[in-house]
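Visitor: Sequence:
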Amino acid sequence: MDEQKWLETFRYRKPRLLGAGSYASFGILLPLIQVDGMPHILFEVRSQDMRRQPGEICFPGGKVDPSDQGEKEAAIRETSEELGISLDEVRDVYPLDYIITPFGTMIYPFVGRIETSPEDLQPNPAEVGEVFTVPLDDLLNDEPDIYTIDVKMHPEESFPYERIPGGKQYEWQARKMQEVFYYHEDKVIWGLTARILHHFLSELKKNQ
Numbered sequence: 001m002d003e004q005k006w007l008e009t010f011r012y013r014k015p016r017l018l019g020a021g022s023y024a025s026f027g028i029l030l031p032l033i034q035v036d037g038m039p040h041i042l043f044e045v046r047s048q049d050m051r052r053q054p055g056e057i058c059f060p061g062g063k064v065d066p067s068d069q070g071e072k073e074a075a076i077r078e079t080s081e082e083l084g085i086s087l088d089e090v091r092d093v094y095p096l097d098y099i100i101t102p103f104g105t106m107i108y109p110f111v112g113r114i115e116t117s118p119e120d121l122q123p124n125p126a127e128v129g130e131v132f133t134v135p136l137d138d139l140l141n142d143e144p145d146i147y148t149i150d151v152k153m154h155p156e157e158s159f160p161y162e163r164i165p166g167g168k169q170y171e172w173q174a175r176k177m178q179e180v181f182y183y184h185e186d187k188v189i190w191g192l193t194a195r196i197l198h199h200f201l202s203e204l205k206k207n208q
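In this note's numbering, the protein residues as written are 1 to 208.
Hints in this document: simulated from the structure, not taken from any laboratory. The structure presented is a predicted model; accordingly, all values stated were derived computationally and were not measured. Be aware that a few hints might be false.
Stated by the list, open to error - The calculated EDC-like cross-link candidates involving lysine to aspartate or glutamate, where the alpha carbons are at most 16 Å apart (straight line), are: (1) K72 - E89; (2) K187 - D150; (3) K63 - E73; (4) K206 - D137; (5) K205 - D142; (6) K168 - E156; (7) K176 - D150; (8) K206 - D92; (9) K205 - E130; (10) K72 - D97; (11) K72 - D88; (12) K72 - D49; (13) K187 - E56; (14) K63 - E81; (15) K152 - E171; (16) K187 - D97; (17) K187 - E156.
To be verified - Listed next, with one range per pair, are the computed distances between beta-carbon atoms: (18) S117 - S158: 53 to 59 Å; (19) S117 - D186: 19 to 25 Å; (20) H154 - S22: 27 to 33 Å.
Where a beta carbon is used, it is the ideal one built from N, C-alpha and C, also for glycine.
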């Protein structure tokens, strides 16, 4: 095959994340809502009937469906379905930094406004156990607890150590991950939700 010809294969190719085809994509919304004239952040508590992470605190969102135009549309649709509001009540939706997890998922967070009052929400009981809000100012003035987790490589038993330098003594690179914790009354906000929240608050503080 002619070298110039096969290089043309890549000339107009748009790069993307290597292996992204095996990742599931999720659109998540960090919702701002007015309470007594003040901006609050709205959180959900996952229903105890949910198969994954029942009872944990999260933001609205879910997997991007083939019918969605993209991650933003998925975040808006899921927010509408979970909170029982119309699509038009989700306004001014803007992107935050996306996240690639170690579990084969790509998370696309957005921030946006919910144009209704908390009393008018009709959460879907199959997915949402309860909702609560926290004043934005309280979170901006709160310093979270941050802990470190060591992530280590553990190859499967059949891994061909004999084919790599060092064999079983090969020095795998370890990675440290930070887990962020916020607290509000009896609620503990941690995990992916806290990471998105921390990123959002950090960006706001940069521009204050």
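Visitor: Each of the hints needs a verdict: does it hold here or not?
Guide: Hints, verified against the model:
As the CA atoms of K72 and E89 are separated by approximately 15 Å, the hinted pair is consistent with the 16 Å bound. Restraint check: the Cα-Cα separation between K187 and D150 comes to about 26 Å, which exceeds 16 Å; the hinted pair is violated. Between K63 and E73, the direct Cα distance comes to roughly 11 Å. Compliance with the 16 Å bound is thereby established for this hinted pair. Under the criterion of a C-alpha separation no larger than 16 Å, the hint pairing K206 with D137 is consistent with the structure, at around 15 Å.
For the given pair, K205 sits about 12 Å from D142 by alpha-carbon distance, which is consistent with the 16 Å threshold. The hinted pair formed by K168 and E156 meets the criterion: a straight-line CA distance of about 12 Å does not exceed 16 Å. The hinted pair formed by K176 and D150 meets the criterion: a straight-line CA distance of about 5 Å does not exceed 16 Å. For the hint linking K206 to D92, the alpha-carbon distance of about 20 Å lies beyond 16 Å, and the restraint is violated.
Taken as a hint, the K205 and E130 pair is broken in the structure, with Cα atoms around 29 Å apart against an allowance of 16 Å. As the CA atoms of K72 and D97 are separated by approximately 13 Å, the hinted pair is consistent with the 16 Å bound. Our distance criterion of 16 Å between C-alpha atoms is met by K72 and D88, whose separation comes to about 14 Å. Annotation: proposed proximity of K72 to D49 is violated, straight-line Cα distance about 27 Å (limit 16 Å).
About 9 Å separates the Cα atoms of K187 and E56, which keeps this hinted pair within 16 Å; it holds. As the CA atoms of K63 and E81 are separated by approximately 13 Å, the hinted pair is consistent with the 16 Å bound. Under the criterion of a C-alpha separation no larger than 16 Å, the hint pairing K152 with E171 is consistent with the structure, at around 11 Å. In summary, the hint linking K187 to D97 is not supported, as the alpha carbons are separated by about 25 Å, beyond the 16 Å threshold.
About 38 Å separates the Cα atoms of K187 and E156, which puts this hinted pair outside 16 Å; it is violated. The hinted range of 53 to 59 Å is satisfied by S117 and S158, whose Cβ atoms lie roughly 58 Å apart. Here the CB-CB span from S117 to D186 is close to 23 Å, well matched to the stated 19 to 25 Å. Between H154 and S22 the Cβ separation comes to about 20 Å, which falls outside the hinted range of 27 to 33 Å.
Comparing the model with each earlier hint shows violations of hints 2, 8, 9, 12, 16, 17, 20; every other hint is respected.
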